[in-house]
Amino acid sequence: MPEKFNLHIIIAEDDNDDADVIFETFTKNPNFGKVSLVPNGEELLNYLKDAATETPDVILTDINMPIVDGIEALQEILNNTELKNIPCFVYSTSINPSYKEKCDVLGVKAYLIKPYSFEAFEEIPKTILRIIEV
Amino acid sequence: MKANDKNIDALQAEIAALKEELFESNSIVNAIKQGDVDALVVHNNGVPQLYSLETADYTYRLLIEKFRQGALSISRNGLILYCNDYFSQLVHIPSEMIIGTYLSEYLDNPAQFGQIIEAIKYGITTHEILFRYDHNQKTFPGSISLTDLEPSVEAIGIVITDLTEKKKHEEALFRHHQELEDKINELHRTNSNLKEFIHVISHDLKEPLRKIVMHSDRIDGSYLSESDTKAMNVLKVSALRLNSLIDDLVQYSSHTAQLERTEVNLVAIIHEVVDDLEILITDKKAKIEIGKLPVLKASKVQIRQLFANLITNAIKYSKADTPPLIQIVQDDNLNAEIPNQNTKFVKIQIKDNGIGMESSHLLKIFTIFQRLHAKNEYSGNGIGLAICKKIMENHSGNITVESTLNEGTTFNLYFPIL
Numbered sequence: 001m002p003e004k005f006n007l008h009i010i011i012a013e014d015d016n017d018d019a020d021v022i023f024e025t026f027t028k029n030p031n032f033g034k035v036s037l038v039p040n041g042e043e044l045l046n047y048l049k050d051a052a053t054e055t056p057d058v059i060l061t062d063i064n065m066p067i068v069d070g071i072e073a074l075q076e077i078l079n080n081t082e083l084k085n086i087p088c089f090v091y092s093t094s095i096n097p098s099y100k101e102k103c104d105v106l107g108v109k110a111y112l113i114k115p116y117s118f119e120a121f122e123e124i125p126k127t128i129l130r131i132i133e134v
Numbered sequence: 135m136k137a138n139d140k141n142i143d144a145l146q147a148e149i150a151a152l153k154e155e156l157f158e159s160n161s162i163v164n165a166i167k168q169g170d171v172d173a174l175v176v177h178n179n180g181v182p183q184l185y186s187l188e189t190a191d192y193t194y195r196l197l198i199e200k201f202r203q204g205a206l207s208i209s210r211n212g213l214i215l216y217c218n219d220y221f222s223q224l225v226h227i228p229s230e231m232i233i234g235t236y237l238s239e240y241l242d243n244p245a246q247f248g249q250i251i252e253a254i255k256y257g258i259t260t261h262e263i264l265f266r267y268d269h270n271q272k273t274f275p276g277s278i279s280l281t282d283l284e285p286s287v288e289a290i291g292i293v294i295t296d297l298t299e300k301k302k303h304e305e306a307l308f309r310h311h312q313e314l315e316d317k318i319n320e321l322h323r324t325n326s327n328l329k330e331f332i333h334v335i336s337h338d339l340k341e342p343l344r345k346i347v348m349h350s351d352r353i354d355g356s357y358l359s360e361s362d363t364k365a366m367n368v369l370k371v372s373a374l375r376l377n378s379l380i381d382d383l384v385q386y387s388s389h390t391a392q393l394e395r396t397e398v399n400l401v402a403i404i405h406e407v408v409d410d411l412e413i414l415i416t417d418k419k420a421k422i423e424i425g426k427l428p429v430l431k432a433s434k435v436q437i438r439q440l441f442a443n444l445i446t447n448a449i450k451y452s453k454a455d456t457p458p459l460i461q462i463v464q465d466d467n468l469n470a471e472i473p474n475q476n477t478k479f480v481k482i483q484i485k486d487n488g489i490g491m492e493s494s495h496l497l498k499i500f501t502i503f504q505r506l507h508a509k510n511e512y513s514g515n516g517i518g519l520a521i522c523k524k525i526m527e528n529h530s531g532n533i534t535v536e537s538t539l540n541e542g543t544t545f546n547l548y549f550p551i552l
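Those protein sequences? They're chains A and B, same order as listed. Each residue of the first sequence is one higher than the last, beginning at 1 in my numbering. Each residue of the second sequence is one higher than the last, beginning at 135 in my numbering.
Worth flagging that the hints you see were computed from the coordinates, not collected in a lab. Only a predicted model underlies this, so the values are computations on that prediction, with no experimental measurement involved. Cβ atoms here follow ideal geometry from the backbone N, Cα and C, with glycine treated the same way. A few of these clues could be false.
Listed next, the in silico BS3-like pairs over lysine-lysine satisfying Cα-Cα at most 25 Å (straight line) [claimed, not checked]:
#1 A:Lys102 <-> B:Lys329
#2 B:Lys453 <-> B:Lys418
#3 B:Lys426 <-> B:Lys485
#4 B:Lys434 <-> A:Lys102
#5 A:Lys100 <-> B:Lys434
#6 B:Lys272 <-> B:Lys301
#7 A:Lys100 <-> B:Lys419
Derived Cβ-Cβ restraints for the label pairs, each shown as a range [to be verified]:
#8 B:Glu313 <-> A:Asn16: 48 to 56 Å
#9 A:Ser36 <-> B:Asp338: 24 to 32 Å
#10 A:Ile86 <-> B:Gln312: 51 to 59 Å
#11 B:Lys329 <-> A:Pro66: 38 to 46 Å
#12 B:Asp455 <-> A:Ile86: 34 to 42 Å
#13 A:Lys28 <-> B:Ser494: 51 to 59 Å
#14 A:Glu119 <-> B:Thr363: 16 to 24 Å
Covered stretches of chain B, as calculated for chain A (at least 3 residues, CB under 8 Å) [said to hold, decoys possible]:
#15 269-276
#16 347-357
Construct the complete structure from the given sequences, taking the supplied hints into account.
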């Protein structure tokens, strides 16, 4: 990597254990300067629409979440002229192909499967960087 | 005088002949009057000519009288001039009490009579209406058909058919249709329940399992006793195995769905599968021979899965010392096996030279999670062939297997010709 990015990522994750791991993973990666966490899709939308908060550079969201799920939130984000240029990523436990298809249609950059090891978790920020760089 | 006598004799003979002729004519007239004559044949200069009389068409009268439809003739204002036996049975009233009454009295809605007569003008002569019977107590559905007999006869001919049975059948048919629709709705509900179930196992069940796998890795093994390390390993391996079972179950369940059918070129699709399995094939030095195969109307995704599973299976259960040889051919001799099926089914065979199996195992292999070998001998959950069977069922086809221990196995695929 030529130079370090100082990216701000917002992550929507309802599961506390996974939130801890993903927060830790991104914080450890020097390319991400700020990591914000929200517990569901509704909070994600509130954060993005709130003028007081700065607009993040990257969005990563789980799918299965209470109140507003990841796909519903992405539908709103990717149809909003002010937000649709933010690169969006999805990560989910589900291997259900219908979710991936929905995400592809919406214009999600990548559909990632939640890893089974801490090493594989560390690949997530790297994969995201690789895709944004291109 | 003699000449006069001769004249008298001649005249008397003429009178006698005329009398005879008159008698003959009278008896013919009488016969006609009594209805004994259906037709007359008159010789005209040696040429026979047939004269039949309208009133003598006894056969037709009898037909009208006896046939199993109500028959009436009415005047234009609806007065019943004639009715046959069957109509009298239909309305449960003796015919002598019907003649002289009005047809409108026998209609559930008497006002319909005017409409029926009016409709003749427009060429509409058949209607389905309700008739009254049993002195207005009950009704039956019937069809009425009118024939205007004018100008020959000043009357309208009517045929009435009892539709009670037909309506019963129609209602039964309607009921069956309704039941069928209920069944279909039930099926749709079951299907959506199944989808929900797949979702639950593909996500909700896997989520905690994934955490078990992930976090058990984080435990610092250096502080564990030997037996604790062993127990930890069993936990990890079991969690991983449970996870792979869930993945397979999701895959199996999602193959229940009917997918879109397109033209599928089997040779092309098998080449794609062989490309996908390249590493495995090269590794095991497997040889795959593809014969002349047809184009089928099928689900491309499922057919690819079908051949991928069968080829993988053949390579997996190959002999340790013999490179696997897999032959995929169409068997044209289906007629010898099941007569007259050549036009209905295509039979595809996948033969291998692998370890084969005992015939007692043949039925078990298509059952989900059924394994014939110990887990450490051959990997897998025993789901591949269950999926193949499901795919063949989805295509209204069938899969069978023949095998000889230590010689090889042949899978037969029967696809219906659509």
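Item to check | Violated constraints from the hint list, given by number and in increasing order | outcome: 7, 11, 12, 15
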